[in-house]
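K.L.:
Chain residues, written in single-letter form:
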Amino acid sequence: MNQTKANPWRRRFHELGSPPSVYALAGRLAPWLAGICLLLFAGGLTGGLFLAPTDYQQGESYRIIYIHVPAAWLSMFVYAVMAISSAIHLIWRMKLADIVARASAPIGAVYTFLALVTGSLWGKPMWGTWWVWDARLTSELILLFLYLGYMALVSAFDDRRTASRAGAILAVVGVINLPIIHFSVEWWNTLHQGPTVTKFDQPSIAVSMLVPLLMMALAFQFHYGWALLARIRSEILESERRTAWVSDLVGHRS
Amino acid sequence: MSEFLAMGGYAWYVWPAYAITLLALVMSVLLPIRRHKDLKAQLTVLVRQRDTTDAS
Numbered sequence: 004m005n006q007t008k009a010n011p012w013r014r015r016f017h018e019l020g021s022p023p024s025v026y027a028l029a030g031r032l033a034p035w036l037a038g039i040c041l042l043l044f045a046g047g048l049t050g051g052l053f054l055a056p057t058d059y060q061q062g063e064s065y066r067i068i069y070i071h072v073p074a075a076w077l078s079m080f081v082y083a084v085m086a087i088s089s090a091i092h093l094i095w096r097m098k099l100a101d102i103v104a105r106a107s108a109p110i111g112a113v114y115t116f117l118a119l120v121t122g123s124l125w126g127k128p129m130w131g132t133w134w135v136w137d138a139r140l141t142s143e144l145i146l147l148f149l150y151l152g153y154m155a156l157v158s159a160f161d162d163r164r165t166a167s168r169a170g171a172i173l174a175v176v177g178v179i180n181l182p183i184i185h186f187s188v189e190w191w192n193t194l195h196q197g198p199t200v201t202k203f204d205q206p207s208i209a210v211s212m213l214v215p216l217l218m219m220a221l222a223f224q225f226h227y228g229w230a231l232l233a234r235i236r237s238e239i240l241e242s243e244r245r246t247a248w249v250s251d252l253v254g255h256r257s
Numbered sequence: 138m139s140e141f142l143a144m145g146g147y148a149w150y151v152w153p154a155y156a157i158t159l160l161a162l163v164m165s166v167l168l169p170i171r172r173h174k175d176l177k178a179q180l181t182v183l184v185r186q187r188d189t190t191d192a193s
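Chains as they are written, first to last, in my numbering: chain A, 4 to 257; chain B, 138 to 193.
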């Protein structure tokens, strides 16, 4: 106890795990993330819909890229966050890690759904079909089921700790799907095109198209942060509802 | 403007994609914010009830 008082950095670290300070921090941070998110969306959409040139092969249909690719990237990024926090929760029993994983799942599921739907709307005019059972599309669909499975599993137990542990194990095991999604376009023959942005040695996308795409990806990133903080606040209130600090919080204010 | 909306003939693919995305992104921040507000209001009522029963 004395040690934590003596060392301010150590105290910082302890505060990171304490529900009241995380709750307050989330409330203070959220408006900033929201503002940056909206600015990035404004910039990315202007660049993507108005300034970027028409694609010489795909015409205007390619503009779906500005939402499809960010949604697909984030669908994997959020899963990685969920799996890492689940592992942290399993190993160190850190409560906050469990809250981050639980709050991330529905947001990740939304991005995955959007990647699938916008991909379908792009595939129809370009490939002539809404859906094919190829490696990239199928593995992304499995990702959606992993998110939904996690959410179902976590809500299936009355005991919160058992629920968290069961969900965490599923999340960690399911991480094997991430490299499968990423490399699917190289390992198997597929209708889906290969990577255009992530091969930096020989980028096959014009700068005027790339800049809005990266802005949209950042906008999605900040959207995730914003939605995550909003969910974390409810999760903390819910799990701490019987504590004194929550009584103080709702008793004194509002 | 109408040329922009036509999206080179792909309007029926491009705009639904953007509309669904907009709707989903807006809902995934609005719903948690509303849930947090409701939860806080609900807890306020609970705490007041408890305080009045404690006092009497």
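The hints are simulated quantities; they were obtained by calculation from the structure and are not laboratory data. Predicted, not measured: the structure shown is a model, and the values here were computed from it. Please note that a few of the clues may not be correct.
[What the hints assert, rightly or not] Which residues of chain A face chain B? A few of them, derived with a C-beta cut under 10 Å, are:
| id | residue |
| --- | --- |
| 1 | Ile70 |
| 2 | Leu240 |
| 3 | Arg244 |
[Said to hold, decoys possible] For each label pair, taking beta carbons as the anchor points, the in silico distance ranges come out as:
| id | chain 1 | residue 1 | chain 2 | residue 2 | range |
| --- | --- | --- | --- | --- | --- |
| 4 | B | Leu160 | A | Phe160 | 24 to 34 Å |
| 5 | A | Leu213 | B | Leu159 | 16 to 26 Å |
| 6 | B | Phe141 | A | Met154 | 33 to 43 Å |
| 7 | B | Leu183 | A | Pro56 | 19 to 29 Å |
| 8 | B | Leu183 | A | Leu144 | 23 to 33 Å |
| 9 | B | Ser139 | A | Phe160 | 26 to 36 Å |
| 10 | B | Lys174 | A | Trp190 | 17 to 27 Å |
Glycine included, C-beta positions come from ideal geometry on N, C-alpha and C.
K.L.:
State for each hint whether it applies.
P.N.:
Going down the list of hints, with the structure as the test:
1. Ile70: Constraint on Ile70 of chain A satisfied, holds at 5 Å.
2. Leu240: With Cβ-Cβ at 5 Å, under 10 Å, it holds.
3. Arg244: Hint on Arg244 of chain A: holds, closest Cβ of chain B at ~6 Å, below 10 Å.
4. B:Leu160 <-> A:Phe160: 24 to 34 Å: Since the Cβ atoms of Leu160 of chain B and Phe160 of chain A sit about 32 Å apart, the hinted range of 24 to 34 Å holds.
5. A:Leu213 <-> B:Leu159: 16 to 26 Å: holds (23 Å)
6. B:Phe141 <-> A:Met154: 33 to 43 Å: holds (39 Å)
7. B:Leu183 <-> A:Pro56: 19 to 29 Å: Given a distance of about 58 Å, which is not inside 19 to 29 Å, the answer is violated.
8. B:Leu183 <-> A:Leu144: 23 to 33 Å: violated (42 Å)
9. B:Ser139 <-> A:Phe160: 26 to 36 Å: Violated, at about 55 Å.
10. B:Lys174 <-> A:Trp190: 17 to 27 Å: Once the Cβ atoms are compared, 47 Å apart, the range 17 to 27 Å for Trp190 of chain A and Lys174 of chain B is violated.
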